[in-house]
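Trainee: Residue numbers (my numbering), protein chains in the order written: chain R, 55 to 303; chain Z, 55 to 303; chain P, 55 to 303; chain S, 55 to 303; chain C, 55 to 303; chain U, 55 to 303; chain B, 55 to 303; chain Y, 55 to 303.
No lab work stands behind these hints, which were simulated from the structure alone.
Treat the hints loosely; a few may be bogus.
Some chain P residues well away from chain Y (every beta-carbon gap over 12 Å; in silico) [unchecked claim]:
| id | residue |
| --- | --- |
| 1 | Val-72 |
| 2 | Glu-111 |
| 3 | Lys-124 |
| 4 | Leu-165 |
Footprint (simulated), chain C over chain S, 3 or more residues, beta carbon under 8 Å [said to hold, decoys possible]:
| id | stretch |
| --- | --- |
| 5 | 210 to 222 |
| 6 | 230 to 238 |
| 7 | 241 to 251 |
| 8 | 254 to 266 |
Just so it is clear, CB atoms sit at the ideal spot from N, CA and C, and this is done for glycine as well.
Chain residues, written in single-letter form:
Protein chains: 8
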Amino acid sequence: MDKTLLLKLLKSVAEGRVSADDGAEKLQHMAFEDITYAHIDHHRSLRKGFPEVIYGEGKTAEQITGIMEKMMDQENIILVTRADPQKAKIVLSRFHQAVYHADARMIVMELNPVPAQGRGLILIISAGTSDIPVAQEALLTARAMGNEVDAVFDVGVSGIHRLLNHQELINQAAVLIVVAGMEGALPSVVAGMVDRPVIAVPTSVGYGVNLGGLTALFAMLNSCSSNVAVVNIDNGFGAGYMAAMINRE
Amino acid sequence: MDKTLLLKLLKSVAEGRVSADDGAEKLQHMAFEDITYAHIDHHRSLRKGFPEVIYGEGKTAEQITGIMEKMMDQENIILVTRADPQKAKIVLSRFHQAVYHADARMIVMELNPVPAQGRGLILIISAGTSDIPVAQEALLTARAMGNEVDAVFDVGVSGIHRLLNHQELINQAAVLIVVAGMEGALPSVVAGMVDRPVIAVPTSVGYGVNLGGLTALFAMLNSCSSNVAVVNIDNGFGAGYMAAMINRE
Amino acid sequence: MDKTLLLKLLKSVAEGRVSADDGAEKLQHMAFEDITYAHIDHHRSLRKGFPEVIYGEGKTAEQITGIMEKMMDQENIILVTRADPQKAKIVLSRFHQAVYHADARMIVMELNPVPAQGRGLILIISAGTSDIPVAQEALLTARAMGNEVDAVFDVGVSGIHRLLNHQELINQAAVLIVVAGMEGALPSVVAGMVDRPVIAVPTSVGYGVNLGGLTALFAMLNSCSSNVAVVNIDNGFGAGYMAAMINRE
Amino acid sequence: MDKTLLLKLLKSVAEGRVSADDGAEKLQHMAFEDITYAHIDHHRSLRKGFPEVIYGEGKTAEQITGIMEKMMDQENIILVTRADPQKAKIVLSRFHQAVYHADARMIVMELNPVPAQGRGLILIISAGTSDIPVAQEALLTARAMGNEVDAVFDVGVSGIHRLLNHQELINQAAVLIVVAGMEGALPSVVAGMVDRPVIAVPTSVGYGVNLGGLTALFAMLNSCSSNVAVVNIDNGFGAGYMAAMINRE
Amino acid sequence: MDKTLLLKLLKSVAEGRVSADDGAEKLQHMAFEDITYAHIDHHRSLRKGFPEVIYGEGKTAEQITGIMEKMMDQENIILVTRADPQKAKIVLSRFHQAVYHADARMIVMELNPVPAQGRGLILIISAGTSDIPVAQEALLTARAMGNEVDAVFDVGVSGIHRLLNHQELINQAAVLIVVAGMEGALPSVVAGMVDRPVIAVPTSVGYGVNLGGLTALFAMLNSCSSNVAVVNIDNGFGAGYMAAMINRE
Amino acid sequence: MDKTLLLKLLKSVAEGRVSADDGAEKLQHMAFEDITYAHIDHHRSLRKGFPEVIYGEGKTAEQITGIMEKMMDQENIILVTRADPQKAKIVLSRFHQAVYHADARMIVMELNPVPAQGRGLILIISAGTSDIPVAQEALLTARAMGNEVDAVFDVGVSGIHRLLNHQELINQAAVLIVVAGMEGALPSVVAGMVDRPVIAVPTSVGYGVNLGGLTALFAMLNSCSSNVAVVNIDNGFGAGYMAAMINRE
Amino acid sequence: MDKTLLLKLLKSVAEGRVSADDGAEKLQHMAFEDITYAHIDHHRSLRKGFPEVIYGEGKTAEQITGIMEKMMDQENIILVTRADPQKAKIVLSRFHQAVYHADARMIVMELNPVPAQGRGLILIISAGTSDIPVAQEALLTARAMGNEVDAVFDVGVSGIHRLLNHQELINQAAVLIVVAGMEGALPSVVAGMVDRPVIAVPTSVGYGVNLGGLTALFAMLNSCSSNVAVVNIDNGFGAGYMAAMINRE
Amino acid sequence: MDKTLLLKLLKSVAEGRVSADDGAEKLQHMAFEDITYAHIDHHRSLRKGFPEVIYGEGKTAEQITGIMEKMMDQENIILVTRADPQKAKIVLSRFHQAVYHADARMIVMELNPVPAQGRGLILIISAGTSDIPVAQEALLTARAMGNEVDAVFDVGVSGIHRLLNHQELINQAAVLIVVAGMEGALPSVVAGMVDRPVIAVPTSVGYGVNLGGLTALFAMLNSCSSNVAVVNIDNGFGAGYMAAMINRE
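Next comes chain R alone, as it looks inside the complex (with noise of 0.2 Å):
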């Protein structure tokens, strides 16, 4: 952060000129540090109550490395999002304590216990043995966030009594992520048995007129239940970021 536009607000503040209730609105947007290929965004977890989550794909491990070191001083939790094994053999030999899911390709480094804050169970379901790394994307985010998850995999719609099965568990949960491929039918299946909001995510999974995952989300977006937002293909991060907004008290 700038420390001049910082000494500068603040005098504002001290003189009168501007109000404390002012003051923090403004600090609370305009924070962020420039590191040349990035600006970091500090005050981003008091603005949004979760800090800035790094996007490893087309950065370099140094460049990742660099932005988790700015990092580590003001906040709980650095996720890392798309990150290679490669990249991640590179940031785990700088920092102890990150851990890296090889199948949700993601870091997650917890410096301080990240309090709870959901008011219910978040829990995540997916279609097939091929969905689980997005579905454990959303787990991981959900969780990092300060939520209670459960997970239900390999469910899909073509045995419908597997799903059936765990309908208690369904019902407990305050909000579902639900994860498919292929022609994307279960989020309408499972939103159908609750009255809860339901999180629809593609995924790439499937070949030939599969389209990259493009059936799987346009059938989301015509489900005939009306519970269901989609996001975007194989976007298990955001999956997980939004059912957490959702859950907050």
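Following the hints, complete the assembly by docking chains Z, P, S, C, U, B and Y onto the known chain R.
Mentor: Chains Z, P, S, C, U, B and Y in isolation, oriented as in the chain R frame:
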């Protein structure tokens, strides 16, 4: 049918230059009548077991009745698909045996009783109220081809128990036709419940990323159930025809 | 609802073969009424906390009033969406409590006061004049489901200060619905200003590469803000319903 | 399979609270085994008449062999599709009965002879040399399911007499699978020659506006022959499975 | 044509500053007349061997007759394509030599006999009844350009023997135009039967994944026969024009 | 070619049951050889005037040489398209007469001189440096089929005078092939300069909304010049083949 | 504009709590008036140098005149785009200074003379007769913004010499707007002739693979000339506005 | 450049048949050099004010250096775009004045100082870290063409205050280039803040329905701000070039 062609062929058979079997096969393929705007394939019911169907869209009422007149001497039953009410009115005023099914936009003219041909029950299941016209087109087609047909309408996946309630009837079917728009999820769920072939029919019902039925179509082609094959959007006729082919003894 | 089914179930409970709890759960799922062209799900408001909504497009005024008559004994409020003025006129002539909202193309029939259910304010923000109908559909839906709702219209991103002017109201919302056509940028900007869930609704407003709303939809799914989930193009009803689900205590 | 669930069910039957018939049906649906990364559906061959097939893409060789080990006690035949040579090598080193078909990328492990189940001949016809792998996948699947299968390869429509030469064999088939890439015209021509159901399989063979097989797919869905239904691009397995369903006595 | 421009050029030739040859070539390119809403290219028939054709869509009847009046002093034949009946009626009331072909939506005004120009027969083959309007547009264009033209209609690939019946006529053609909608398979089959150039014309006939003719277009571009080139959807005029160019001595 | 088939036919002719003419025609169509992975159409050069071309993509070097060996006894010239350098090296090591053209990725094996067949000059014009490989494929194909061919490369429309400089050569051509990627504008401009048929070849050269050549393809199909027909993206071979067909005496 | 907001701001300035400069800037951004269905941005002409333009599509004549009444006290010129004749008639009946340009579907109401603002000539070039409406919209917009504008219509690339004839005028332009449908090739050719910025406007003129103007749009974005930037399909207004921005001294 | 052409022209001028002015203009257009794989347009910098730029993709290092050698006698500055590190290494080893910018993948060889040409500041704004390479390409291009350029990176719309912080710098720009991937919203917001032309550059940054940059592109073309024009996806060079054209005095 061109008489000279016919005579030439018969002469060859008479003189032993063509065997009776070969002559029959040739006849089966070559017989049609040219009435300027259409080649009518008279021997088609001989070759395919069912007369050519008149696709009403883009034909005038006069063209339709013209073709019907040529066919009625030789066929037991005549179907006209995609016939709007105006055309149907004109056609019905000319043929007292013709019946118009407004919801399916079909004209059925049964001149002689169609003998039962099927091995078992063809069951038609549709997802929403708006899918019924396409489902009816399938139903009338399969029935016209000599099959026992039953139907369950409005059992979409957002209320899965409505579908499960019909499990018994579903188990009795030899072939199933499943009609759905929106996210097109119903065929996957139904196919997971049976060990019979399922013909899936996407409809153009929906809006936004329904894309005129493409989403339902692609979802059905990506079905996680393997006993599913698909026909074109809104092609109730094709589904009924294909189901009848499968059900033939 | 099929009486024999109901009787059979109750008998089982009476005779101790089914527990009261199980009986209740079964009832919650199976209850619906078949009036040929629709399965009416009477117990839906029991199961989902809100009655089934009548999607007016593709239904005749007679079908709509038929369904309404069956529902009105059992529900406090009935909604009909996508009702054009002609159909609305017929419906209103039959039910004096029904009100038609022309801009949102919705009929609202409140038979008994809907109790307040929400935790906080649902705020609806729309980008341009032409997006208002969709925004109104969301507003009426969320209000019908017992929520406090407020709205800010015509604050597109090409004049960012119009939006920033409403920061205070925006900060008060528990859930936000952001409606935009054209480039669909508004949800990203709004979501960046709050730590609350944002439901984004793309509209088909625009021309050329707007592609009937696909561009706005895709832009919203690619939002660089993570507290955004998306519903189908022009689906104001779905957004209002989802927001009400999230806002439920 | 969860034992407690099973015991609970059997107890109910024993005590007369559940009839034997109902118990059998319930068992047929609920039986599966959870091995972390997959729900194995042991009773599937009971319910569907054929064991679940292992889709090899995106699974490790270890996951594949893990699933195979769990299945081999209970099944006569196990199929793995989309298995690349590396994975196949590992799998074959573990199971001496397993055979790898490199062109179809399938592993077939026949533990006990599969009894003949089909009513008639399944004939597979493919258009070009490059379509053979998909055709082989269909052939091996249909054969593994107990059918008599024959094939004619490389008879594309640009030399229509090559196809007509096989008229006699074509006439003998009970079900036909037609595999084609490029313009996808072959199913229309073949279906016009027979009065039997034709399953069309588009392949991704081609370049430019082939669009990865979409052109062949769309062409087949638009077939001017009505006895055609279609499966996903390159889905030889699905075609073989569907044909076996149709051919079942 | 701008007279001053012409005078300036001729003066240059007269004074020897431009050679006669160069002058002729320049004239051939530069000559046109500006009547506000159109540049009429008078010398086009000199340069291209055929006058500019009037594309009727989007032009008023007044604009069409205006252009025709300017052209009729200098041309033997004038064609107007995509002329609807209302416009045609107005045009015909003004020019007694003009003839309207309703099926092809073309106006042909032959002022002087067009001399025969072609090397051989142009044969037009179309797949279905609905493709005839496009085929007729091609036929009238090629004939207007001085070619001998013949046609075979309604010989789609679902009854391949109807096509094979015309082998003799097909063998006589110097250039072939093949018109088809739906799956667009006919050009591949026809091109495989001859060693002559085939111009393929996709039509917008069909529904669902016909995609307004895109499927037929893409299928034709992917033809497995190499003696095929393609024009735009429904572009019968272009096909006739191109065939005439090829057939020119 | 199957000998028994041949003998049977000849016997029929010998015994007068088939006329000599009919026998010849039948032979022309039916002759091919089945070597498991391909039907080789030996009499194709008889029927089409040019041997079948080997499409190298997706065939192994062994398959290619296998087919070449079968063909070389009966043909004057053999072409292999889309042959990468590795395969070419193997093929050339086996046939000393074979020549590899790296830019066009073609193998040409001329066993006997190909007689001149064309009526006039085939001129190939390409827009950019990157379009040259496709242009070369067209050039080699047309030359192999006995035509005089010339070429002008790198004359894109952004410097229109480079093209106009070649007007004289352009005027001499009997048939033109125009190759372009990016916006695909060159065929329209060239076709406007001549009264000869133009075969347009879109290439996949470009990025972004080039869409792998679709943009150039669509632009060419929308050409405002009428003497243009189009082949598939990057299909230099097809363009050369079609041009040779047109140029045939 | 909300008076209380304004008063509050001015008071702050009066009392020295806000500087004059800051006050001015704030006013420039915040000033707008809320008339229920629209926020009118009164100070926009102060901030952007040109008043907000009324997009007529989707607004009623009453909404249009309502907005015009609010604007006319404060602006020199008011533009309404996409106004159909019916709405225009109503608007003109209310404002005698308003002029309707039917071809461009624009209403121009000049209340005071617009001062000349441009550095040089803006030249508008269009390809075909059907592109003129879009070209006129660009012309009227640029002229309304105080620029000298000239135009050349109907100079498509299929007759390149028509365009070259205007070289002199083209050389004089400071900014060029090039309007084209079909293959969209004209901007590339024009941009290659000048060293000035070219704004390309694709139109929806064409059929088949024109795809409603997408083909022209994509072709222009792929232009091999670098001095080209593109606006949305049929967006003549945007092109005129952008050109005026570029031409501003 | 062809000497005979040049001599012929000069002779005409010498003998008074061509005026000096005309001669100059002709020279300006016709001069280029043919080195087999490329026409080098030597007089381009005369005609367009800037030499032709070498597009590195698809050219070998040898072709690049070959072209550079031909150009370096006549130009002050040479640019190579889309040059990967391998090619750059070879090129730099040959020309000591060449500099490689790895992030922008550009080689800049400044042989003589480029004189300042612009009227004002060109400001480049980019949304995310991953958009920087494209932004750098724009920056280097505009600078190489003699402009003062400044840049602000990583100011995406999800934190709108980061952007507003730079208002002062933004107000100083004469032309703005805005680079963004994902939802492509930044150009709309920036353009709403200024009364200057904005060139928008979509990037392929993102995943899922980003569609390789199409979403950002379409969003930008649908901008609700009118002072925006767009270039192809990832076309930083084009944006820099267009901005320089606009900024030219």
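Trainee: Any hints this thing doesn't respect? Which numbers, in order?
Mentor: none
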